[in-house]
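*Asks:* Protein chains in written order, with my numbering: chain C, 1 to 182; chain X, 1001 to 1132.
Keep in mind that the hints are not guaranteed to be accurate.
The calculated DSSO-like cross-link candidates involving lysine-lysine, where the alpha carbons are at most 27 Å apart (straight line), are [what the hints assert, rightly or not]:
hint: 1; chain 1: X; residue 1: K1028; chain 2: C; residue 2: K38
hint: 2; chain 1: C; residue 1: K142; chain 2: C; residue 2: K40
hint: 3; chain 1: X; residue 1: K1017; chain 2: X; residue 2: K1058
hint: 4; chain 1: C; residue 1: K44; chain 2: C; residue 2: K130
hint: 5; chain 1: C; residue 1: K40; chain 2: C; residue 2: K51
hint: 6; chain 1: X; residue 1: K1058; chain 2: X; residue 2: K1016
hint: 7; chain 1: X; residue 1: K1099; chain 2: X; residue 2: K1028
hint: 8; chain 1: C; residue 1: K130; chain 2: C; residue 2: K51
hint: 9; chain 1: X; residue 1: K1058; chain 2: X; residue 2: K1028
hint: 10; chain 1: C; residue 1: K180; chain 2: C; residue 2: K142
hint: 11; chain 1: C; residue 1: K130; chain 2: C; residue 2: K40
hint: 12; chain 1: C; residue 1: K130; chain 2: X; residue 2: K1067
hint: 13; chain 1: X; residue 1: K1017; chain 2: X; residue 2: K1067
hint: 14; chain 1: X; residue 1: K1067; chain 2: X; residue 2: K1016
hint: 15; chain 1: X; residue 1: K1028; chain 2: X; residue 2: K1003
hint: 16; chain 1: C; residue 1: K51; chain 2: C; residue 2: K180
hint: 17; chain 1: X; residue 1: K1003; chain 2: C; residue 2: K38
hint: 18; chain 1: X; residue 1: K1067; chain 2: C; residue 2: K44
hint: 19; chain 1: X; residue 1: K1003; chain 2: X; residue 2: K1058
hint: 20; chain 1: C; residue 1: K38; chain 2: C; residue 2: K130
hint: 21; chain 1: X; residue 1: K1067; chain 2: C; residue 2: K40
hint: 22; chain 1: C; residue 1: K142; chain 2: X; residue 2: K1003
hint: 23; chain 1: C; residue 1: K53; chain 2: C; residue 2: K40
hint: 24; chain 1: C; residue 1: K38; chain 2: C; residue 2: K142
hint: 25; chain 1: X; residue 1: K1016; chain 2: X; residue 2: K1003
hint: 26; chain 1: C; residue 1: K130; chain 2: X; residue 2: K1028
hint: 27; chain 1: C; residue 1: K130; chain 2: X; residue 2: K1016
hint: 28; chain 1: X; residue 1: K1017; chain 2: X; residue 2: K1003
hint: 29; chain 1: X; residue 1: K1003; chain 2: C; residue 2: K180
hint: 30; chain 1: C; residue 1: K130; chain 2: X; residue 2: K1099
What the hints contain is simulated information worked out from the structure, not anything from laboratory work.
Each chain is listed here by its residues.
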Amino acid sequence: MHATLCDLMTDIIQNAVEAGATEIELTIRETAEEIEFKVKDNGKGMSSESKAKAVDPFYSDGCKHAHRRVGLGLSFLFQTAEAAGGEAAIESQEGIGTVIRFRAQAHHVDLPPFGDFPVAAAMMLTLLPKGEMCINRTVGAKTYRLLRSELEEALGGLDSAENLNMLKTFIASQEEDLRKAG
Amino acid sequence: MAKLTLDDLRNLRDEKKRQMTQRSAEGKRGEVTIGMGTCGIAAGAKIVFDAFLDEMEKAGITDVTIKQTGCMGLCFSEPTVEVSCNDMPHVVYGNVDEKTARRIVREHLEGGALVSDHIFDKPSTDIIKGAE
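Input sequences plus hints: build the corresponding full structure.
*Replies:* Here's what the structure looks like:
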């Protein structure tokens, strides 16, 4: 199982990258009662048959590893949501893209910790080899938005340790401001 | 910490660039690729990624890029890290934790020596090819 919610999000973003997405949007919303996130991508999407099988841990489409018979990412997500008093859902259309939703009770005893968001966000923003990635983050009434293209332009690249550390610092400052207000 | 704007980020980048003026900026000599499949994430790849960022900055290594990829098929030895540097064999390190990540930076990227006890994908193919 994944140790944090950030790990779950990163896994779903990685799925989107592997589905050939060029545009990914992650929206995370926290209130006093609930935490929810949504990953929307324009990747290859899933057929209704694949969608039905996607949450089965003993199913993988075999596209990347021909002999593999397990696919755990989405199973972890659904299991965590159900354990923490929430739910997860998949909407997908072949050739159009996929939307994955996760919702859980904010103070449920089985909800994993949120995790180190500045590091996870820096990773997620740079997972996509080419294209646009957007993160919308809301805590209570406060919100901020990270756009990969803007950050890449501001830093002059997102592939060196120095630039990625600056990116982490930038995201940490947004998080701190969000938490202060929230 | 005060909330940073994109202009603050640009200024921070310019300041860092000024600090780097004595260092060589002639292209990149290598690439570190961290496996971020479900297996890698579950095994702690995020901590490894962060350790690489921290140690590479401390070591002043600016000519090696950091990338991420999905599962490399070595789930049993996650987190895995592929290191490709000029003039050195191409290797995949396995069971990389924070301490090993820092060793890879200091010994492999900085010192030019393989971290032999964590090599999971043998570098012999490269060595043989190089010798041909």
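*Asks:* What are the numbers of the hints the structure violates, in ascending order?
*Replies:* Hints 1, 15, 16 and 30 contradicted; others consistent.
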